[in-house]
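Residue numbers (the numbering used here), protein chains in the order written: chain A, 7 to 258; chain B, -11 to 356.
Note that these hints are calculated values from the structure, not bench results.
Treat the hints with caution; some may be incorrect.
Only pairs whose alpha carbons sit at most 30 Å apart, straight line, appear in this in silico DSBU-like list of lysine-lysine [to be verified]:
#1 K98/A / K5/B
#2 K123/A / K69/B
#3 K81/A / K144/B
#4 K18/A / K123/A
#5 K(-10)/B / K98/A
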Amino acid sequence: MAEIILKVDKLKKRYGNKAVVKGISFDVKKGEIFGILGPNGAGKTTTLEMIETMRPIDSGQVLLDGIDVTKKPEKIKGLIGVQLQSSAFWDKLNLTELLRFFGSIYGEHTHPMTLLKEVQLTDKAKSHINTLSGGQKQRFSIASALVNQPKVLFLDEPTTGLDPQARRNLWDLIKTIKNKGITVIITTHYMEEAEVLCDRVAIMDNGKIIALESPKTLVKQLLSRGFKKTRHVEQANLEDVFIDLTGKDLRD
Amino acid sequence: MKQYFNVIFRLAYVLTKRFFRDKVAMFFTLVFPLIFLFVFGSLFGKDRGAKFDLAIINQSQSAFTQKFITDLKKSDFITEKPVTSLDDAKEKMGRGEVDTILLLPPQFGQQSGDNQPPGGQAIVYYDPGNAQTGQTFASILSGILGGVNEQITGQKPLFTVTQQSTGKEGLSSFDYIFSGMLGFTLLSLGFFGLTNSLPSMKKEGVLRRLRSTPIRTSQFILGNALNYLAIGITAITIMFIVGITVFKFNMQGDYPSFIALVIMGTILMFGFGLAIAGWAKNENQAAPLANLVAFPMMFLSGTFFPRFLMPQWLQNAAGLLPLSPIIDGFRFIFTENKTLFDLGPQLLIIGVWTVVIYVLAFRLFRWE
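Isolated chain A, as found in the complex:
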């Protein structure tokens, strides 16, 4: 039995009279990639932000590495790396300067080049953030979330808006991060992405978790209930064609 790094217990959040997260509970194992799936408005981002100490918790408890996030938010922030959905970095500073500054907040002596190498941005070390492409920005955002060598990395829809090449490239990066022993918690709209990356997924709808299993098990369970796709199953899809024609090389 793998060690539990994150324990979420009966977590609740409401805005006004609208309950957004309705008492969800789940555990994340150390070293896994844990996906949170769900349609827009399901409560994924709110859930993540409560765990990240960015949003006050109404009720319930979150233990990260055994620490209660509401009691020691500063300590939690030191243990996690966060890539937010709508965040930005200062302009007029280059990537190296930004990483060095973020490192200094954690009291870490950062090696910007090592981090940039990890996310394939060494040639952009002296560039400013506004000159980067969408995929490069996401990769930099992940690099900045790794400055403190976090135990848990949170990625909120990291591939939204990226082209297929950039998306695949980011998948490879996330797998490398997992192989270094960092637990990854990711939200996404892309089922294919969840199937490729996630060891287990929680499917959220309307503020509740309605399924929590490995992607394979979930598919098996569905099939065992007698589900059949009405359409003939193709051996390839349009995305396969696209990748076949344009190649996997990154375009930015």
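Please arrange chain B on chain A, whose structure you already have, making use of the hints.
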């Protein structure tokens, strides 16, 4: 503890670096006050005293008149404007190129008889819209001619006037307005720097990203304050150098006191920008509020014209505004050779405002 301050210094360092790469911000904080300095410095700065742009029309051929004009041109209160005729001179007066016209008629300086002293009447023309200048020049001229009369007739006048300057050695009016200009620099820096940048950082999500790190609100605020202190000292240094080199500013007072007052003034003015920018959710809230507070303060505290021109009750009230003791303090140090120890009332007002505004700023600060 060491780590706590390290973050503040690192933040101040990157913010200052950003500032010096931001040409627009540099223009508004460093160059803009200089433009005001040049405008106001040139308007009030030169010690003109009574100086006249004078057109001289001489119709007299007498030796006395020749000598009189030569002596008049030598005096430092007139600048002669060359004109061809009385009409030409009048036209130039209409355009404001000439303040006064001095007409010396043919009889001027002529002797009425062989053993008679020279005499005559000079005519001073002046623009009715600028009557004071004409009258002043006429009375100065009467004074000079009085002296001439005295020399020729040998009669000492019974009543005389002597002049004595009340200002300390070598003080020019620029030395007085300079403190207001420095106050303006600190005010615009404090009010308009952060209120421009912080709300957009909130909107873009820069602050959100920072908030997901262990940085504390107090570290963020103090890092920004330190950044503005660095910019403020740079701005004042530039003003000071221009003041000394271009406008011959004559620093009377104590440099350590002056530097200490610059630091206190910058911190206090930054507190206002911080309170407004920290509270505002976006630029639409920040900019109007900053203007609303800054402009009355700018005019009431004596940045552009001295407070003693106001009615007494307004002077008393305006003296309590946060910018007033800073400007007064500068002026006392510059022109009256005072040090920080003589500025008790000013320091008290600055201190009270600093506490009030920072308590407010910390309370109102919002990350999003």
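Checked hints:
Note on K98/A and K5/B: the hinted pairing holds, with a Cα-Cα distance of about 8 Å set against a maximum of 30 Å. The suggested pairing of K123/A with K69/B is violated, with an alpha-carbon distance near 74 Å, which exceeds 30 Å. For the hint pairing K81/A with K144/B, the CA-to-CA distance comes to about 94 Å; that exceeds 30 Å, so the pair is violated. For the hint pairing K18/A with K123/A, the CA-to-CA distance comes to about 40 Å; that exceeds 30 Å, so the pair is violated.
Straight-line distance between C-alpha atoms of K(-10)/B and K98/A comes to about 28 Å, which keeps the hinted pair within the 30 Å bound.
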